[in-house]
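There are 4 protein chains.
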Amino acid sequence: MLGVGAVKNMFALSRSVYVTLWKRSASQAAGQRLDISGIYPPIATPFTKQEELDYHKLEENLQKYAKIPFKGLVVQGSNGEYPYLTEEERVEVVSRVRLSLPRDKLVIAGSGCESTRATVRMTERMAGVGADAVLVVTPCFYKGKMDSRALTHHFTQVADSSPVPVVLYSVPANTGLELPMDAVCRLAQHPNIVGLKDSGGDITRIGLAVHKTRGLDFQVLAGSAGFLMAAYSVGAVGGVCALANVLGRQVCELERLCVEGRWEEARELQWRLIEPNAAVTRKLGVPALKQAMEWFGFHGGACRSPLQPITESESQQLRRDFSSNGWL
Amino acid sequence: MLGVGAVKNMFALSRSVYVTLWKRSASQAAGQRLDISGIYPPIATPFTKQEELDYHKLEENLQKYAKIPFKGLVVQGSNGEYPYLTEEERVEVVSRVRLSLPRDKLVIAGSGCESTRATVRMTERMAGVGADAVLVVTPCFYKGKMDSRALTHHFTQVADSSPVPVVLYSVPANTGLELPMDAVCRLAQHPNIVGLKDSGGDITRIGLAVHKTRGLDFQVLAGSAGFLMAAYSVGAVGGVCALANVLGRQVCELERLCVEGRWEEARELQWRLIEPNAAVTRKLGVPALKQAMEWFGFHGGACRSPLQPITESESQQLRRDFSSNGWL
Amino acid sequence: MLGVGAVKNMFALSRSVYVTLWKRSASQAAGQRLDISGIYPPIATPFTKQEELDYHKLEENLQKYAKIPFKGLVVQGSNGEYPYLTEEERVEVVSRVRLSLPRDKLVIAGSGCESTRATVRMTERMAGVGADAVLVVTPCFYKGKMDSRALTHHFTQVADSSPVPVVLYSVPANTGLELPMDAVCRLAQHPNIVGLKDSGGDITRIGLAVHKTRGLDFQVLAGSAGFLMAAYSVGAVGGVCALANVLGRQVCELERLCVEGRWEEARELQWRLIEPNAAVTRKLGVPALKQAMEWFGFHGGACRSPLQPITESESQQLRRDFSSNGWL
Amino acid sequence: MLGVGAVKNMFALSRSVYVTLWKRSASQAAGQRLDISGIYPPIATPFTKQEELDYHKLEENLQKYAKIPFKGLVVQGSNGEYPYLTEEERVEVVSRVRLSLPRDKLVIAGSGCESTRATVRMTERMAGVGADAVLVVTPCFYKGKMDSRALTHHFTQVADSSPVPVVLYSVPANTGLELPMDAVCRLAQHPNIVGLKDSGGDITRIGLAVHKTRGLDFQVLAGSAGFLMAAYSVGAVGGVCALANVLGRQVCELERLCVEGRWEEARELQWRLIEPNAAVTRKLGVPALKQAMEWFGFHGGACRSPLQPITESESQQLRRDFSSNGWL
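Line by line, the protein sequences give chains A, B, C and D.
The first sequence: position 237 = 1235 (our numbering), numbered continuously.
The second sequence: position 188 = 1186 (our numbering), numbered continuously.
The third sequence: position 309 = 1307 (our numbering), numbered continuously.
The fourth sequence: position 95 = 1093 (our numbering), numbered continuously.
Keep in mind that a hint or two might mislead.
Pairs involving identical chains hold if they fit within one copy or between any two copies, as the list cannot separate such chains.
Claimed, not checked - Listed next, the in silico SDA-like pairs over lysine to any residue satisfying Cα-Cα at most 20 Å (straight line):
hint, residue 1, residue 2
1, Lys-1281, Trp-1269
2, Lys-1210, Gln-1187
3, Lys-1281, Arg-1302
4, Lys-1143, Ser-1313
5, Lys-1047, Ala-1116
6, Lys-1210, Glu-1176
7, Lys-1141, Arg-1115
8, Lys-1143, Glu-1049
9, Lys-1055, Arg-1094
The set of hints was computed from the structure by calculation and includes no laboratory data.
Whenever a hint applies, use it, and build me the whole structure from the sequences.
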């Protein structure tokens, strides 16, 4: 295990140097969209028992993730408990991840806030600390008013001002609304909007999003390992999968089988991932994800309140969902 | 076009002779489950302007469907307006379809009613007029009480007494409830329950249903052309697709591509079917399905009230959903 | 207890004589709408263990109900398990109730079916056996298409042809849809539509329905004892309350207190009815209603399958909801 | 109209002096719960066209509200666009309102955040600038995990540490979840939790909350003018009503009629408030509320993006909902 001092050193590389390097690589890519295809874990944020950010544990996780063939990491997707972080914490976590992670791995940072102005500012800050792209969730508090008009306006404002490419993010289980398809199609034409992470799981919608944005170099990512293979079958090019925090190699293997067209093998693997995936997402949520991470050699750590630890009976259920599929 | 007399003759084959033939073929199959893999249109029921059953138009549709490589027909799925038929009409329609359809095509008859006893009786009558299998929808009026316990009891009672194999049917858009996965798994063990038609479209659930029933010879059918390819990718073996009433050959072609593992081609075709499919199902419903049938050379006919004809603007939208995908 | 023979005699009065008497009283009322204000239990339908209709038990319940100051009975509301009765049974039950019940009590018969034509016919049959009015539920299977246009058409057709006044019935917990307010307002103008039973419990909607139909002699009934007092406060004139099957006198007492403007006393009583009411409706449903009836001296009897008897733990919960409010 | 200088002076009273005064008045009340009965507008937050806080307009609104017999103001309820304010802005607005408002009017400040720790801190800050009580909304992002256990823990932590009394806040239209009744009952026993603002509108639930917390001096406020009278009828003691931003005197008049038991007059007034209320809440939302405020002599100002101004046709609809009830 690493000492605290060593961890601090890992994060010590000057940010300004770092950002300069990053800008050069970005300019090299001018003229074409950022390729976001591949698998990303939306990383969990470990907290201490006192609910403080545990950067040490985070760093150890990053060391392990660096060895898995992920395309990159999503920092502060829903599984990162971003609504429970302060603005400063959100930026700091992304900054540290970028400094720690090998340069060839993408960092996609969740920068969504409820207001457009806050999202614009957070997006700039995330880019400022090295995010390669931002993931922007649909605002949702005034859900009755978050129609195509409002959401198109919101994402356009954010994309217009963002220094880095924008990925749209629709996650109805948390927000209570889906980014409407007509908004997706319009926004896909924006030069700075490169894709969509769709966590709703409506495979018809995912296929349609691919179909309706053909020729626009718009990339659709499955928002869960539960429908990853099906999403690939209809044209998605990657996935942001909570389960990849736990079974990262397996999710990458599923990607590989899909990309290589080895559908029979893919299917066998996909099947075994459905229940573990459901357990750490819709059934038992982030606290279960963090528990499972512990079982598989990662640091989950505590959740911030009001999220509560899973109960003993939930823990048993969680274990069953992994063991009955041969993972434990 | 056929005269009324000719149509009557088509239905003239003695039912008792017919049923005897059928029973023999059934007994030959003893020891193995009925193979229901393949594509089925859940046929629409044409009515006259006075809302009477139009058997003449039905027969002409059947003649055309007989030439398409369907595995069979579903008679009185949701698209057949079965809740608007009397008990006698329900049986009569199935009887006529069976008599008209070539013997090598399966007739799967919707026999679901709200009460178990009515479903048992309707199932017997459907078998009595030659249905090869029955499709039994979840009862739904007392949805708060239709939990796993109640539904397992219901389907078990029906399957115990049914002379023909039973296919479970979950269609939450109409019923407001999904057949719970634990009930599916338990019911899959019943020797007379051969499969599930899942119209909910949750592809994770479809994959899980296949996975959890492996070794039980339990067959999962996609309940819509919108997610047909994705369903095949995770192990479904067929589809009951409203759109097959209109674009039957194309849906069968999609099946063939999936079965042969030609996923690239399948994807291209699947994409073009999503919008027409949505238009005739969740967006505009049965009245739109019937309108589209008219455009493609079939008889849709009127709907029974309270279903209303689509409006002029809906008709234009419907046309666009077909034409923008190259079908009109 | 009555012998079977006695019960049969109770129903022996000739129907044709009866209907003649009824028509006369109806014609006397020509020129003004039927007054439906007051309290009605939507009576449960007792079945034997073999799930056959138990007319004997029904009759004994009716004898008891006749002594409670109900305005009348609703026969085949949702609590009557009407979707589980055959057409013949539905008519027969109404017929027997009408023959048994004192003439000064109204019989409002549920005549709703999914299709307009079936509802028209059932309405005629219900009137033919003496129903004073019919309660017509919104059709709901094709819920995506049951918009204002379709529902207005449906209810208008039914009311046009009905020999007796029509009461609209909105019960979203079962049907998954609410009768839209604009349809309510339009339908309230129909001379043969006298009121609305609203079981949704949105008190704002109930107040608005009263407000928007002022001057039309349109009567709004609360569909549950849980919000009966609140409904009176905003202008409802009665209630169809499942709980009145069990605590009929108390529900009538609540009505009296509201009508007399004794709101303080009403509130005390209302409070004590909320939990028992919830227990026999949305929490535990018809099987709990029938169980509670047994405790209070009525015959609940069995439910028809797929409704299942309540479990032991549900029974304890049910008992608690009555006892903690001082009723057991 | 006031000049900018005058407005600044209004806010000039030293905060520390103010807070000292406040603490004394609070200590005088030791031993009994804060009386929160009465009517509160959840005030809108006026923005300039550049979406900056417009304190001048806010102050002018406050001058007008001070003359209406409100019990106080709710600052940063849902209608205050609080999710669109920064932490600093949230505190500053409350501070200014407290300094401007006559001392005998209560300031209830919305201090809810997603995490418990942020809510605790915001609560302290709100108290620090003079809030008489805080209104704490249910956290909602991880709605699947926000069960009774989590929410009880959250509110208990907040109430334990809050310098001022806490009012629970359930607003399912925005949050997608209701504070469960068992959590309400448990939390009502906390000495520092004085009431519940329930915006869900389930009148049965409101009655039950009153009933189940009798003897605990727990006060229930209706969260909307649409069901204010009904809420009074079942025991609520006040209301936090968006419509009071526009028709404040009328909402207070409705309160008075209810409190005095003049139910007939109350009903007439209640009816005329339902449609205007729905228009500025669930139908057209905050942008419509702000538009209507302009018509009635208050400053609505712009909304922050992504909230969009209402369209011309929505504006006409809004106007109709007021004019058809005699308010315009």
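Verification of the hints:
no. : hint                   : verdict
1   : Lys-1281 with Trp-1269 : within (17 Å within a copy, 31 Å between copies)
2   : Lys-1210 with Gln-1187 : within (11 Å within a copy, 42 Å between copies)
3   : Lys-1281 with Arg-1302 : within (19 Å within a copy, 33 Å between copies)
4   : Lys-1143 with Ser-1313 : between (39 Å within a copy, 15 Å between copies)
5   : Lys-1047 with Ala-1116 : between (30 Å within a copy, 17 Å between copies)
6   : Lys-1210 with Glu-1176 : within (17 Å within a copy, 30 Å between copies)
7   : Lys-1141 with Arg-1115 : within (18 Å within a copy, 25 Å between copies)
8   : Lys-1143 with Glu-1049 : between (34 Å within a copy, 18 Å between copies)
9   : Lys-1055 with Arg-1094 : within (12 Å within a copy, 43 Å between copies)
Checked against the numbered hints above, the structure violates none of them.
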